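Quick note, the sequences are listed as chains A, B and C, same order.
Residues in the first sequence are numbered consecutively from 1, following my numbering.
Residues in the second sequence are numbered consecutively from 1001, following my numbering.
Residues in the third sequence are numbered consecutively from 2001, following my numbering.
No lab work stands behind these hints, which were simulated from the structure alone.
Accuracy of the hints is not assured; some may be wrong.
Examples of chain B residues toward chain C, derived with CB under 7 Å [unchecked claim]:
| hint | residue |
| --- | --- |
| 1 | Ala1291 |
| 2 | Phe1325 |
| 3 | Gly1327 |
| 4 | Thr1332 |
| 5 | Ala1333 |
| 6 | Leu1334 |
| 7 | Leu1351 |
| 8 | Gly1352 |
| 9 | Leu1354 |
| 10 | Ala1393 |
| 11 | Arg1396 |
Computed from a prediction, not measured in an experiment: that's the story for all the values here.
Cβ coordinates follow ideal geometry from the N, Cα and C atoms, glycine included.
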Amino acid sequence: MTALRAFLTAIARALLLLLAVSAMVFVATELLPGDAAGARASNGATVEQVAALRAETGQDRPAWQRYTAWLGSLATGRLGTSLVNDRPVADAISQRLPASTALVVLALAFAGPLILVIGCWAGAGSRTRGTRTAVVTGLAAVPQVVLAAVLSALFAGALGWLPPVSLLPPGGSPLESPHLLILPVLSVALPTVVFGAGLLAGAVADTVRRPHAVDSRLRGTPTVLFFARDVVPFLLTPLARVVAISAGGLIAAATVVETLFGYPGLGSLLVTSVSARDTPVVQAVAMAAAAVVLGGLLLADVIAVLADPRRAPRPKRRAPRYLGVQP
Amino acid sequence: MPPTTGLVLTGIGVHDASGRPVVENADVTIAAGEVVALMGESGSGKTSTVLAALDALGPGLHRSSGTVRWNGVPIGRGRAARVWRRSHVGMLAQDPAGALHPLRSVAGLVGEGLLGSRRADRAKSVARALAEVGLAPEALWSRRPHELSGGQAQRVALARALVGEPPLLVLDEPTGGLDPATLELVRVALRRRRGDPRMSTLVISHDTDFVTGLADRVVHVGEVPAVRPRPGARVRSGGVPVLTARRLTLAQPPGGRPLLTEADLAVHAGECVVVLGPSGAGKSTLLTALAGLHRPAQGELRLKDQELPCGLAERTRSHLRAVQFVGQDPATALNPAHTVATALTRPLRILGGLDRSTARARVPELLDAVGLAPRLAARRPGELSGGQRQRVALARALAAEPDVLLADEATSALDAATAGTVLDLLDHLRATRGLAVLLVTHDRSVARRADRVLEFDPAMRTLGESALPIP
Amino acid sequence: MTRVLGTVLAVVLIGFTLLGEWAAPYSPTSPVTAAWAAPTTAHPLGADALGRDVWSRVVAGGRSLVLTAIPAALAASVVGVAGGLAAGWAGRRTDRILTGVADVFLAVPSLLLALVAATRLPGSAAVIVATVCGGAPLTLRVVRDAVTQIRHTGYVIAARTRGERSVAILVREVLPAMSGLVGADLGLRLVIALQIAAALGLLGFGAAPPAPDWALMLRENMTGVALNPAAVAAPAVALGLMTTTLALFAQSTAHRER
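Same shape as in the complex, but just chain A (with noise of 0.2 Å):
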């Protein structure tokens, strides 16, 4: 009852907030100065042509009416047409979507045993803690391009192993062309791995200020079965929390990517839609991110729920029936 009660909380928690997300994105994409059709109509068009373009698009009702019809729209699935080339926002999505799942997917199966491993690492150490977290610290604040370019240049410049630009093949997988995929997902997971590092590191060094873990170490625990056992069990709510934020954070890393690389997912739609002014486009990749990383916090919550102790399937064991002892 209580987990059933649980899960629900978490479910009314991320839509709240997958409604908080959609009024930001609608603030920041309809109410700050400037509008589409303005800009479309800069070049040369008169006040009328503008005026039926307002009309058009329905940016003529006020703020509210726009975005309840906004949020109905998106909540059965329609997304609208893109104002620069008039097809449906919902093709441009799904042609795109392959190539975004492939980068993102990868780059999570690769960044995520490594977050658990560096946020350990940088977690536990009782003495060398400040250096470690420096360590984590200095590398987390090297900005994504920096690291995007360095990899670019010495990998496809300097050294000249890989392509430069990862221009798919038209109609064909992102996984087909593997060596493609390369830099964009180093490029991408690195800075999340780091990230997510940092985060989880506090987690660590709280688990391991616990008392059975204080305790373990006393009793002279192996280092490995140390945190396998005493540790990584007690990461699971946190990592899964970590790995959701971060998944966020390497979609908004994708757009930097695939702009640089040319690599043809939803990262580099969403740079052309927004300095095109394509509001539609724009909304509608924002919030399919948004619904991406409270869908991860979702999970993360699930698995919180999971992970209680005191919901923890019991072992199956019974005492041997040869004892004989008794108090």
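Chains B and C: place on chain A using the hints.
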């Protein structure tokens, strides 16, 4: 010539991160078959000495000197010490029940200490160990800590320490966290180990009663506290008390279960009243209520012959001036951003109504009153020792020229010698200024200085007058 | 000691970045040699696609980024500190509401927010919006945690028991006590602002050509990475050095405060 069997610690020194010595040059020897008690006041470094010997000090502390020998063989640091701990040492830490791995079963927890034995043998040993601490192995076998009662968890922790008859057993303050029944099991185990040449045992404790009769020898860590003479003539409870509380009921959190019900309390001028009680009983809440920081559920306060409002907002300047509060932690007593002079001029200006220059001029006098040199006025708290900070905090309270001083464990974070000088200072202020002091503590050695002692009884939620002298 | 050294280093670095334009040996915006010229003694980092001196462009190229990042970081810090003080001091409902709002903002990646905001706003304004939305919640949490601890310290209790008002206590006691923490946090916000500004610049929402700008240089010179790698490496190293130094300085200050 040190013995070649058992544990020999020589010249153990422990320093904290700022280089301050926590333990200096400690020597402890435990021969085979011996039970040795390591005694000392709280804060004297008993536990740190032992953890240093085990090479398992917590963050912020490190062993700066000393050697550890086991059966004549030196134990190296790092991996060597870890392997030795795992194979030779059983440990019952403070609050052992809280240290049980929450996800593991009782059988797994107890069996952990049995290295290298066959599975079936291990199960037998675990069952025996559980039975020896009065637990039914079948019933508890696969339970996890949250499915045990508090007493059961303590016994599981004890079984965990005793299983496999570890060559060295360390018990850290067993009287602090164990219930009486489990403590009796500890006594039985100690008696059994005593005299067995395969086993050495070390008991860390501050409890003389427990150690007497169980230990072969007692080793003292830190200085042995001298019982100080009681200062001057005792002030009698004559006239109108400075501060009175009547039928005081306190709940923490507000509206929750009461910590104290309908308690009466009075402090006279020049008197030192100590409120004694276990930590967490609500002693601090009592002080914060008197200081106006916590609103009592019911009851009334009086300052001399007039009513004292319970809330800070309703107190007048003279009320605020008359009641001053000193907290327990010298590390956070003073604002790290302000100099001593700034800290002392604020109450002079706000409560004393002085202008800035007059207030500044009075700073040396205040410092002098608490035994500090006037040149410290320009320092910030980071440049002061713990004892100096606590004195500045006292001076800040004195700046208001209070009638009564409320001190919350004012000496608990200080080492024994510094605490003694701070308490001497309070005695002096009582004698010279007629200051009334209400001191809250869990430390019986502090209570020896009191004119009267009120004991906090958490079960009854009352305050009762305790007979002097305090043992 | 380290703190003083770190502060000096950070100030010198920022100062040099702001004034660097005057130290440039050549004009950073006009061609002075052959396109993609390799490094020589006259041009230590070679030239870019238009034959402009890379060293001069690097020396002058941090100014616009820093000038965008500083107000963004200050805004994030002010909003976060104000929110953190309110949440930590008032507690209960105020605390729950403020941290709840902060959590909403934290769930959205700040670069995504910057991009969405860049649909309508100019790049530098989008950087400020994103830094405030993404950075202020972090500051709020740090400050709130510090305030909840400081609330129970001896000096705050002493101030309360001498009848001082909440605002006076916050300004006179709480804020000065956390000055180191707030300073360190400001350093971290500056790092985030620089990261966002660099990313937006690379995506084409920052400085416009021909201005010298590290992010823009990365974007422009990527095509010639095989011809003159220094044209890409130099702005990258300058940017990385800047953010790393600031972060380490902030880290060491925060560490000492504890």
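What hints, given by number in increasing order, does this structure fail?
8 and 9
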